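Asks: Each chain, written out:
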Amino acid sequence: MRSIKEINEKIKKGQVVAVTAEEVIDLVKKKGVKKAAQEVDVVTTGTFGPMCSSGAYFNIGHSKPRIKIGGGTCKFNDVPAYCGFAAVDVYLGATAVPDDDPRNKVFPGEFKYGGAHVIQEIVAGKDIRLEATAYGTDCYPRKKLETLINIKDLNEAVLFNMRNCYQNYNVAVNLSDKAIYTYMGMLKPKLGNANYCSAGQLSPLLKDPYYKTIGVGTKIFLGGGIGYIAWHGTQHNPSVKRKENGVPQAPAGTLAVIGDLKQMSPEWLVGTGMLGYGVTLIVGIGVPIPVLNENILKYAALADGDIYTQIVDYSQAYPQVVPGSLGEVNYAQLKSGRINLQGKDIPTGNLSSYSKARAICEELKDWIKKGDFLLSEPVADLPQAESGYTFKLLKERPLA
Amino acid sequence: MREKVEKALDRVRPMLMADGGNVELVEVTADGIVKLKLTGTCGCCPMSQLTLKMGIERIIRQEVPEVKEVLAI
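Chains A and W supply the protein sequences, listed in that same order. Each residue of the first sequence is one higher than the last, beginning at 3 in my numbering. Each residue of the second sequence is one higher than the last, beginning at 62 in my numbering.
Excised from the complex, chain W in its bound form (with noise of 0.2 Å):
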């Protein structure tokens, strides 16, 4: 499944560079909870639960059904 969300996010981050922000992967669980860490500008951007729900959440899920909720840490 990680492989699966990494590939997921390479389609995010085309979008979350191009406003100087970036996503690193920290852990998938077993039971489909993705943790991820928000960097760059998007470390301190006010928009970032929105970029993570809307954006990253919607295009992981949409690509890994399996994967229940993203999370940032």
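Okay, chain A solo, but in the shape it has when bound (with noise of 0.2 Å):
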């Protein structure tokens, strides 16, 4: 129908028709999947959730006298940050707390700074506290280095996330007689409320089922910047049952991106603490769908009531890795506000924001129409459904 070329052309002469992921569910409503995809180029999808596998590298550039901090140990704000590379190349973790944080001590433990918060911060333009020691070498002779550092002084300064954007995921409830701490959130007692985590029917990798158009290399919003498809994200997971629509029924395919920092804004990255389990960053991610083909756009059209999901059991089942599901949901219930479940009704909560997300679909869609995107074509596709790829659990064998 059309190529990732030719739309191209289409955004430079400010002639490309994009309409983001919700919208195109009511124009195919209203138009059908045929003449739909003869009218639309590119539909925007979105996301902005909490992403705990997210981090960022940073070369800070060299001291003078010169300092290795490779093999030494790092803080950014009391934030420790990985240091076994060169010099003065460090990555730091959204997860990473202080080492005088109580942590769980007190549970549940409030976890208000962390290395996602220093990352908002950075993002923000804010002054770090940067502290480091080293070994010392004849070439590299300084012990020692405390300095604050700015984003605008550093030369390189990338998010490079190794999980993100997963493509659907489990509805957490709680069996126990107690309230739970998780990274899905606080789960009331005896099914007192169950959370969710997905955009739903503006989710990236739920528009594109079978990473037929999104692949890495793929041009993305991230970040409130411009960012990239780096590879398939750890524990992609394609092979999952999946309905006759195609989508995953339970969490699947997941992205591995990166972006200049100094791009992107403190209003997309925003640091968290969840209480009694720790920071996590909250990622914004948006991904242009290529209509290429009719088929693509049917996969671009699907809503809430077409996306189900597993409930799964945070107190005893997902501690224990026991297999198995509670029941199944779609999106549209779940928005609802309310689900019901072994006969009692559940209030629902969402951890990702349909709002957010529908604002970088807008955004996206903005950039494109204005021609300040182009699209990109993927040089490798994502491991597939039919690949046999999965994700497995860790064999554990004894040291000795």
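The set of hints was computed from the structure by calculation and includes no laboratory data. Please read all numbers here as calculations on a predicted model, not as lab measurements. Take the hints with a grain of salt, since some may be wrong.
Said to hold, decoys possible - Simulated DEER-style distance windows between Cβ atoms:
{"hint": "1", "chain 1": "A", "residue 1": "Ile228", "chain 2": "W", "residue 2": "Thr90", "range": "45 to 53 Å"}
{"hint": "2", "chain 1": "W", "residue 1": "Met76", "chain 2": "A", "residue 2": "Gly127", "range": "19 to 27 Å"}
{"hint": "3", "chain 1": "W", "residue 1": "Lys68", "chain 2": "A", "residue 2": "Thr236", "range": "28 to 36 Å"}
{"hint": "4", "chain 1": "A", "residue 1": "Asn342", "chain 2": "W", "residue 2": "Met76", "range": "29 to 37 Å"}
{"hint": "5", "chain 1": "A", "residue 1": "Val108", "chain 2": "W", "residue 2": "Lys68", "range": "31 to 39 Å"}
{"hint": "6", "chain 1": "W", "residue 1": "Pro75", "chain 2": "A", "residue 2": "Gly127", "range": "21 to 29 Å"}
{"hint": "7", "chain 1": "A", "residue 1": "Met3", "chain 2": "W", "residue 2": "Met76", "range": "53 to 61 Å"}
{"hint": "8", "chain 1": "A", "residue 1": "Leu396", "chain 2": "W", "residue 2": "Thr90", "range": "50 to 58 Å"}
{"hint": "9", "chain 1": "A", "residue 1": "Lys397", "chain 2": "W", "residue 2": "Ile134", "range": "46 to 54 Å"}
{"hint": "10", "chain 1": "A", "residue 1": "Ser267", "chain 2": "W", "residue 2": "Ile134", "range": "44 to 52 Å"}
{"hint": "11", "chain 1": "W", "residue 1": "Lys65", "chain 2": "A", "residue 2": "Asn342", "range": "42 to 50 Å"}
Even glycine gets a Cβ: it sits at the ideal position worked out from N, Cα and C.
Using the hints, put the two chains back together into the complex; each one sits in its own frame.
Replies: Structure follows, in structure tokens:
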């Protein structure tokens, strides 16, 4: 029907027809897939939710005299970063917390400050306290460095998230008789609430369920700037059971993403503490889906009612890795604010902001329409549903 | 002080309402503690603590510096 090259020509001429993942649903209902596919060139998707496997690497520049932080220690505002690289390259993980954070000693811990907060402050242009120690060498004699740093002075500041953008996710509930604190939020006892985490019908990988257009090298909206899909994300699991419409019924594909932190915004990278669990980074991601044929549009027009996920008990089943589901619901049911499980009417809550996801879809659409964002051709496929690629548990073996 | 807090809350409400939530002002104590009730989807939102501390408290304290803390009840 059309190629990415042809779409880019239309973007350059200001003639592209771009719609959001929400708008396309009504459009396809009204006009049918065939007609809508003739009209629409690009569908913009988006998501804004907590994504723990995120972080950023920095080259802080060489001090005078030189220091080799590699093999030493490094802290940003007291939050330890990983420095097992060369002299002045460090990686700060979103979930890192200061050594003196009480963590869960007084349960549930508050996790008020960590790597994700530092990343947000760096992006906001705030000065950050850097403290590093080193063992010293002939060519890098310095053993201690204490300085303020600012993103504008760093050589490189790159967001590199190894697992983001989950394609579908569990609904978390608690069957036990006490409250539990999880990465899915606080879960009240005896099915007191149900938390989910997805933008549903706006979510990138749910709108291209077989990764027909999204691949390695796809240009994306990342944290308010431009990023790229670097690889499939860790725990990518495309082989899970799918509905007839192609949508996985459980957590499936994931993305590893990369982009220049200097272009990003603290509005779309937000550090937060999950009570009793830890620190995490809320990441805004938007992915354009080029309408290369009718089939791609058919998937892009899937709505909340077409997308199902599993309800999982986080008091026993999840921590003990007991497979199985308490039930299946779709995102229209979840978004209604209540679901029924085991005869009980349960309030639902979303960790992912639908309104912010919608804003990302709109922003990306705007960039494309203005000619500021050309689509890229993926350079390699993500592991596909039929590839046999799957997510394995750890096989523990005795050390001796 | 109550009126000033209500005014600040009016700035916050559109953001909450975008995700189906809202907030009611319950009490402003003489020592600067603001007590709120999160309603709508905010009432069962797993991210409500983030909204309360990073969104609502930040804006209220910016607009009404005499406020010391904002609590959800």
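Asks: None of the hints should be skipped; say for each whether it holds.
Replies: Okay, the hints, checked on the actual structure:
1. A:Ile228 / W:Thr90: 45 to 53 Å: Holds, at about 47 Å.
2. W:Met76 / A:Gly127: 19 to 27 Å: holds (23 Å)
3. W:Lys68 / A:Thr236: 28 to 36 Å: About 47 Å separates the Cβ atoms of Lys68 of chain W and Thr236 of chain A, which means 28 to 36 Å is violated.
4. A:Asn342 / W:Met76: 29 to 37 Å: holds (30 Å)
5. A:Val108 / W:Lys68: 31 to 39 Å: With Cβ atoms ~36 Å apart, the hint holds.
6. W:Pro75 / A:Gly127: 21 to 29 Å: Between Pro75 of chain W and Gly127 of chain A, where Cβ atoms are some 26 Å apart, the hint holds.
7. A:Met3 / W:Met76: 53 to 61 Å: For Met3 of chain A and Met76 of chain W the Cβ distance comes to about 40 Å; the hint is violated.
8. A:Leu396 / W:Thr90: 50 to 58 Å: Since the Cβ atoms of Leu396 of chain A and Thr90 of chain W sit about 51 Å apart, the hinted range of 50 to 58 Å holds.
9. A:Lys397 / W:Ile134: 46 to 54 Å: holds (49 Å)
10. A:Ser267 / W:Ile134: 44 to 52 Å: violated (33 Å)
11. W:Lys65 / A:Asn342: 42 to 50 Å: holds (43 Å)
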